Structure formats: structure tokens, C-alpha cells
Amino acid sequence: MSDSKLMSAREAVNLIEDGCRLFTGGWTVVRKPMGLVYELIRQGKKNLSLISNPGGPEIDLLVGAGCVSLTESNYIGHEVFGHPYSFRRKVEEGPERTGYHHDDWTVQTGALRLLAGAMGLPFMPTLSLKGSDLINPDLDPMRELRGKDPRLPKQKVAFIKDPFWEGEEVTLVPALRPDVCLIHAQEVGEQGTVRLKGGAFLDYYAAMAAKLTIVSAERIVPEDSLRDLPQANTIPAQVVHAIVEMPYGAHPTAVWGFYDNDPWWFKDYLTASKEEEGFGAWLKEWVLDLQNHDEYLAKIGLKRLMSLRADPVLGYNPKIRRRLDKLQEVN
Amino acid sequence: MSDSKLMSAREAVNLIEDGCRLFTGGWTVVRKPMGLVYELIRQGKKNLSLISNPGGPEIDLLVGAGCVSLTESNYIGHEVFGHPYSFRRKVEEGPERTGYHHDDWTVQTGALRLLAGAMGLPFMPTLSLKGSDLINPDLDPMRELRGKDPRLPKQKVAFIKDPFWEGEEVTLVPALRPDVCLIHAQEVGEQGTVRLKGGAFLDYYAAMAAKLTIVSAERIVPEDSLRDLPQANTIPAQVVHAIVEMPYGAHPTAVWGFYDNDPWWFKDYLTASKEEEGFGAWLKEWVLDLQNHDEYLAKIGLKRLMSLRADPVLGYNPKIRRRLDKLQEVN
Amino acid sequence: MGLINPAPVVGGNAEKAPCSSLERMVVAASRLLQNGQMVLVGTGLPLVGATLAKHVHAPKMTVVMEAVAFDSKPFALPFCVADARGVYRTPWMPTAVEVMGQFLQNRRIDVGFLGGAQVDKYGNLNSTCMGSYLHPEKRFEGSGGACDIAVLSGKTIIIMVHEKRRFVEQVDYITSPGWKCRDHRTGRLVDRRELGMWGGPSAVVSTMGVMKFDPESHEMYVDEYFADLGVTLGAMKENTGFDIRIDGARPAPPPKAEELEVLRTVVDPEGIFMKY
Amino acid sequence: MGLINPAPVVGGNAEKAPCSSLERMVVAASRLLQNGQMVLVGTGLPLVGATLAKHVHAPKMTVVMEAVAFDSKPFALPFCVADARGVYRTPWMPTAVEVMGQFLQNRRIDVGFLGGAQVDKYGNLNSTCMGSYLHPEKRFEGSGGACDIAVLSGKTIIIMVHEKRRFVEQVDYITSPGWKCRDHRTGRLVDRRELGMWGGPSAVVSTMGVMKFDPESHEMYVDEYFADLGVTLGAMKENTGFDIRIDGARPAPPPKAEELEVLRTVVDPEGIFMKY
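Chains as they are written, first to last, in this note's numbering: chain A, 1 to 331; chain B, 1001 to 1331; chain C, 2001 to 2276; chain D, 3001 to 3276.
Don't read these hints as lab results, they were simulated from the structure.
Here the structure is a predicted model, which is why all the values come from computation and not from measurement.
You may find that some hints are simply not true.
[Unchecked claim] List time: in silico DSS-like cross-link candidates among lysine-lysine, alpha-carbon distance up to 30 angstroms: (1) D/Lys-3073 with A/Lys-319; (2) D/Lys-3060 with D/Lys-3256; (3) C/Lys-2073 with B/Lys-1326; (4) D/Lys-3275 with A/Lys-274.
Kindly generate the complete structure, drawing on both the sequences and the hints.
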């Protein structure tokens, strides 16, 4: 079929241009499009402007690998597993030395900025942010770039007096308009209908807001079978442009109903990424020296992948232990 | 249980005050809270400000029965069944004579106004309305009431230049903030979780925006059973205040999976309501002279109610004929 | 595949009756829709036209309605945008917030398909009332999402019975803005692009023919007329309330037997909108 | 009924160990939550405290998390707000648009429950970085929804380890505004109500006691101290980076055996946050 959206990760990621605004779906250490992100790094993309709400290991990896010039997020980290050392290092070094700028937002305003993008609106009102240094104009880390970098709005926030009711001062936040949206899903129909389980997070809004949406999925299913339960479908096929079948495509993050977080991955990555040299070695071994996701999975090994599998009713793996300081061998 | 939300229609409607802003759920001739509306008329509520997006027979009835001083809607009617004669009569007579004011909005802006209410925001931006007489300031039917009637915003729309991106002029529409939201549902849990089928329309947003939400339902189900499929639930129990069990509570409008529109009702009502006298007689016979919904259903008759029943897979009744000019006897 | 499931033939309207002007209009309108487009339709004739196109030549067109219906596979014609018939085998169940506030406003709708009570030479549509808005002679139900669709679609197609009182110099009320519409700041009619608007009406399909708009003056002209129904250009001028250009108009290709057959037996066998 | 299903005991931590200061803090915090309230919690200690309250004395409290979890019935402690453990038997699956943009912003959240790295005498919280924001000494992950929760909840409860470097005269960065917070127009600290804000911090629960805020000066004072752990008011003053009022402070009621038992065996048997 000439109009098929099905492609390999390499083909899909090849559609992404240097310098674009890129959104990664999921939430911190859950359902992150890791396989597509590994491929982004392999293809050596540069100067990306990343949006995540919130970000997890995928952002720390991309920042560490030097693919990124801007991030706008409310969080970049690994939850209780440990700290995002690459992100932390770059921010602490400062944009003067790294050329990398990070701006802080909040869960709510990030969500509303995506909602504005999904609605085709230039901004959205919010009652949040007041009283916080998040809108202190002296502390806008993007100030020198505004008006120059077209990926950024001319100002961080604006204010308007409500003209309709009590006249309160309302804050406006600018739309997020990703060029590309990367999502990892449990299931996608062969024409692109996306079914997310255990939480959609902001993936629907980001797909609606984006110009190009790439979905990797644990499995591709017959489109017609998804019509049996439309309430369970999250994103309509009309806004999905490329589909990649990629089992364990979110590893080491968790995918409801498929697998849990891989604590061994986090232990290994966190130990390695504490220092820049260690991060570089890790990246070479686990990303750059591998051809594709199949090689990555083979290197992780079947035993470990099987040990992560989720209970289909609970959605997670009830046997897995989650404290890295008490982690045992894969069994 | 002292904190039960379960009550009779009379008790629930008794919570509603004269002069309040009231939203009715559903869409034109689909899933309208008719039983609750009949009870509103029986209790003689006055000076209501009605929001519907869009409205059906429930609005025509309330306007005709003299319960209403304001309506804001994009449509009030019966679809192909025929015209809303009570609404039409009152608008054509003019507010000088009737004291009733109607303002026109659109499907999109009505939805965004409810969304603003649900979000606790005073307004929402829109790119619609431009070029239309809907925002012609000389044609604002509420102009004399603005600033006086606190149920109405101080102006119909406002404009702002986008401060973030291309500087386009964006229209702002004021929030809808219903005091009361009436919804008829297929199923509601005993604690208030609402499951709507075949289309939620704007009912979730209205419930979130409203101060008091009353839900009538075809059946009340164990709350825990609704947790088997959370994706199918529409409104969380936390925003539902009163629950009324009311089979055929949306008659004569259609309820997916339960019953289809009643064409005989529409034929009868449309014939009667063509003239004001006929409407009065109809109202007396079918609403005012009846004590409650049980008496109403008994008067409709079991044979007709059964003939409307929906196919559980299709959601509608495939045998029912929908042309009033070719309508046959109930069989 | 991609096709709507054929509905069972329930009426007896499949006989070889002559083509009515209502049917002729719907067939012509359906031909303006293309495979792969995303089309937002109101209830009534637009829905019938879009359903016909989907069956006959545009199986991969996405049909969306304001209330909830989104690329569904109805067995039977929905008679309003919220009808259960319209969500059968739907892959996704949005609300008006998603359809009208996201898909439409975010410029993902290629074609908006609208009816109305009056149209003027610039393609402004009135579906609100006759006479003065504040004191109308005749008040209609309200315009639903017609204004939104006319403002925000990639382009609009208008479908309307051709009568002198409907095709007017200037509509009584601009519900749905066309090419020269109301500037809210001055009250005057201006080019819609001066208001920062995209889109605009691309065609008006009537019971007599197909009108388009001059790319420069944005005035309506006759592009095709239904010669097969005996319509003449003179009759079209007579039944139009403003001076309409007819030079260059061609006879429209007549309906095919398949189109009429599908319309009568599959799309609207009950004659709900086609009133057989 | 209404109770979370008890989780299976998987650890060996149910033995009668002495109460740690971390456990003491969580028990005290959980007691500030009431039955029937709607509580928005971040991950970590707030989640542990709210889960404990729900098991022990507030079965009809609604616990909501930023990502998706909404009044669910987890068997096992979620270790982030998006964890599959947090949606088990949920009645509804919202996104952050609904939780943070609707429930929270529309004033339907009674209590916001927050942690942080620094708190100052007006209850401003910093969870962003240490040192200058533009050139930080130590950069943290980011504050998630902490600012939203501090601005928009009916009231907030703060939970934080009591150390001099954490309880400071003025936080390095106001992530989550307290009682005297940043006026974006002037850069000065003003009463939050001057900015049109509602809510505000009602209590700070630490490893040493429970602090509240003076209704007039809005400065933090010690309300209760953990005498049962050997904490003295002198030690509290010593471990606080600003001059804190201690007159009127009372010893807090000690934890009950049931609270510790439930905390250790049901709420966090793995010690994910309690680090047994």
C-alpha cells in the first residue's frame, strides 16, 4: 500500500530535521519513546528544542549526547531512581559555556501550553504562576533568545485584566507548537488509531498540536478491532503520520500491561552518568555501537526482558523490587 | 447512609433556585434531561437563565411554560422533526413584550465558554466568530442587561493582540458558569460516577463548570463495577451532588443503548405547540396534571415505550421510522 | 475496505424514478468532495452529500460531525449530528471541544459543508432569522456550528435550494461569513482576509447548478447548470436575487445511475432528507 | 468500603522497631488530612502521608495525583505519579489538563500536599535549585506541579526534613509561593492576597514537629514538637535558619501502634520512600 504509515525506526526518525521542536510523550519514567530517542542519537540530530511535560531519561540522554539547544519542561529526571546528571551538569555549567538553555515551567502551564497548541490558539489563560519566581522577569533564562530564535515566544508570559466578570488579572501562557511528536503506545491500528493504557498523560494534546506525529508501539493491531471499544482509543489516526512496530520500545521505562521499569538499567545508567566520561562510555556501548533496537534488546537479554513483564490485570510487575540500593540479580 | 446522593426528582429539583443559571445536557433531541425538566415546570421555577449547547425540546418547553428570562445557545429545536414554536413565538414577539432575551452563540464558542467555566478561567480565546454578525456590537440582544444582570458578562466578546507569536487579533469569549447542571445518563454509580454512552457531548465540561450537578439515570449501578472499565466513565463522582434513578428519563429524546426518539411524541407536541393555546393544553395534560415521571410514563403507555427500545449493539432502534409525515400507529 | 457498510434497503424507492432537483443538487455537491479529505458536515443535505461521496468515489474521506461522529461506519443515515446511527463503529468519540475547538480551529478540516436559508453574492450565509435580527419576521432554530465552520475550514461548500428569496444581494444577517463580511470594528463589509481569516466559500451547489466565486471580485458566478433537468441560464438569472454572471457557464455532467441508485437505496432510503 | 485494599506484606519491616523521625513526620502529616477532603499529592512523602491517612482515619478522602491517578485503590505504593500502581481500580482516568487545569484551578482541591528542598518563614518553597537560578550551585530535576499546587489549592501542607539549611530566612528561588511571595510587577515580596491569590500554606510538618503560620504576620511558628522522639524546642530553634517563635508550642500526641503498623506493612512495606 502506497499510503501506508508503517515504517522502520530509522525511516521514521529520518523525517525529523535538525533544529526542530520535538515533544516526547509519556511521563518521567513511564511510557517514554526510548527506542525512537536512541535512534535520534544514532542519527546525530542537533540543535533540538525539546518539550516534555515532564521529561525522564530520554531528555537526560539527549541533553548529554549533545543533541539539544533548548528545553522547556517542568521536570527532567528519573523519579526515585536517582538524579539526571547530564541535565544537571549542563545547567550548572551554564549556557555561556554549553550553548544549552533550559526554562522551567509547571505541570499545569505545560499542559495548558500544549492545549493551546492543540486548539490552534496562540496562548491560553492560567491562574497559576503568580507569586512564583517562575515568572520573575529577571530570571527568564531565555531572555536573550526571545525575538531571535523563532522557536520561542517573544515573552514568557503576559497579563490581561479580565474584561468580562470581576476584572482580575489573568496570566497568559504561549502555545507549545511541536514540529514533531514522539509517542510510544501499547497498541496502534494499522491506519494509526492509538490506544494508550494506564494513563494517556499529555500525548493526545501533543499529537494534536504537532505537525508530524510518530508513534512506536508494542504491537500493531487491526484497525477495525479498535472500533470495538472507541472509548479506549486515545488519538485518532488522522493526526498520526508514521507507525513503527517496536516491542519493548519504551525500555527502560514502564508500559502499563506490558512491562515495568527496569531497575538494573537505571542502576547502570545512573552509576555511569555521574561523570561525563562515564556517560560517554555508556552512550557508546548502549546506543552508538548498536545498529538498531533489535541489537539493543539482544544486548539487554531475554532473561531480563522477561523478568520485567507486567501482570495483565494489575498492569505492572508485582514481584519487581524498586530500590536500587537493595537490587538483586535478574532472576 | 447520611451522605447518600440518592434522591427523588422532586427532592433534587427542589434544590434549584429561581433565577439561577441552568445548563441542560445532551444534544438537541438526544439524551436530554426531560424528566427533570418536566419536574422544573411542575415546581413552577421562574426567571431561569438557560444554557444549552445545543438545546432541544427541553428548552422549547421551559421557554413556552414561562420559566425562562434568558437563553444563550447555538440552537434550540427538534432537528428534522419540526420547529420550536414556543421559542420562535417568544423571540418574534420581542423582549419588550415578553421579558425574555435570547442570545446566539456557536457550537465552538459555546463549548469553549463551558471549557473556561470547567477550568475556573474567566474567558477562553477563539479564532471563530470573526466576520459574522454574531459579534456585531449593534446586534447584541443582551446589551441593555449587561452590567445589570450579574448572570451575564459585561460584554459579549473582547479582543486582544497575541503578545507571543505573530501578533494576530484573537477574540475572547466569557466563561459559562452554570449554577446548576442537569444531565441524563445511561448509568451512574451509587456514589456518582457517571457513564455516558454513544457520545458525552459537553456534559462533562458543564458538570465541572457548575456549582451543583444533578444526574438522572436509566439505572444506578454498583460504583465498584464502574471501575472495571474506567475509560468508559465520563464524569467523576466528586462533581456529582444528586442522583435520581429515572428509567425513560430522557423520553422523548433518544438514549444510546436504551431507546430511540419517540416520533409520536414529536408529532403530537409539534401539532399542539404551533399555537400558544395548543401548547398550554398540551402542557397541562402532559406535565402539570401529572404528579411525577411514573405517571407520565404510565400515560405514554408500555406498548409505546417498548416499541422505542434500542438494539444494544447498534445503540438505536433499527425498525423505527423517523418521518412524521409517514408515521404509522405504534405496533 | 474503507467503505461504509451498505445499509439494508428498507424503502421501496429504488425504482427508476426521474432525478429530482433535490437529488440532482446532492449528486453535484458530492462530486466536489475528494478522497482523503477531512470533511466537517452539518446535518441534512450536507450529511447526505458527504455520505454519497464516501460510498461512490471517496471511500477514504473522513467525515466528521460537530457533536461526536468521527469517521464512523453508519448502517443508517443519522438524522442529527448526535444520533446513535452516526457513532456506529466509530474509532474515536470526541466532543465539540475536540471537533470544533481542536480539529477545526487547528486547521485540520479541509472542507466545511454547509446549508442555509439565504446566501448573498459574496457567499455570506444566513441561517439565523429573516428580517431584522433584534425583531425578526421569522426566527429559525439557530445556526449550530455554521459560523465556526465558515470561519475555520480550509474551504466551504454551500448547498441550498435555488430561489430568488434565498439568493439575495445581501443576507439579512451574516451567520457564516463569506468573502466580504462584517468588520466588527467598523460594521462595514470587508474582504475576509483583511480580518486575518483564511478559508472562504469555494462553491454553492443549488437545485439549478453549481456557482463559484471570481478569484478577484469574489462575486458569485454560474459555473455549471443542470441542463439535464431542463435548467436554463435564463431561468437561473431569474431565480437569483442579484445580478449573477453566467458567461462561461457549462452544462454539468448528468448524474450517473450508480449515484442515484446509491442515494436512494443506501444513503437515504427512508427519504428523511430527500423527501421522496 | 471506601478503603484502599490492603497490600500484601512483602517486606520484613513489621517488627517493633523504634519510630524513625521520617516515620514520625509522615504520621504527623497524615493526621492533618480529613475524611471527605479532596487532596492533591506529589510523589514521595506526601503520597505516603496521604495513603496512610486514607487507611487509618480518612477512608473517604479523595487522593489525586498530577499525572492520572484519581481516587484509585492501589495494592502497592506508586513510586511516581504516573506509575501503573496508582491507577489500579481507578474510576476515572484524567490527564494533567483535567487534574491541574480543571479540578485544581477551579478550586475543587481542598488540600495540596507538598515537599521541597528549602522553606522560608513565610512558607515559600524552593524545589528548583540551590544558589542563583541562572547559575545554580546545585540544579534539581524541576518542580513538576509544585507551583500550581501552592497557588491554586484551598490550602497547602508542606512536609520536609528539619535542617538549618532547609529552613531558611529566604529561599534561593520561590518555586511555590507561600504567604509573602514575589510580585512579578515589582520584584518585591508582597502578601499573596494582594496578588489576588487564595489558599496558602497551613502547616509545615518536619522531622522535629509541626509548624503553623501566624494569622496576622504570616510568619512560621512551632505549634507541636515531637517530644516522644526526644526533640526539644531548643533543638528546633537551633535547626531553624531563622528566628522561629516557640512560645505556646505543645508536645505532639505520639504515634499510635496502628499508624506505624499500617505505614510499615501496608503503605510502604518496601521502604521505597521510608528507607527502612
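Results for each hint:
Distance hint between D/Lys-3073 and A/Lys-319 is fulfilled; the C-alpha atoms sit about 19 angstroms from each other, no more than 30 angstroms. A C-alpha spacing of about 21 angstroms is found between D/Lys-3060 and D/Lys-3256, which places the hinted pair at or below 30 angstroms, so the restraint holds. The suggested pairing of C/Lys-2073 with B/Lys-1326 holds, with an alpha-carbon distance near 27 angstroms, which does not exceed 30 angstroms. For the hint linking D/Lys-3275 to A/Lys-274, the alpha-carbon distance of about 22 angstroms falls within 30 angstroms, and the restraint holds.
In summary, the structure agrees with every hint in the numbered list given earlier.
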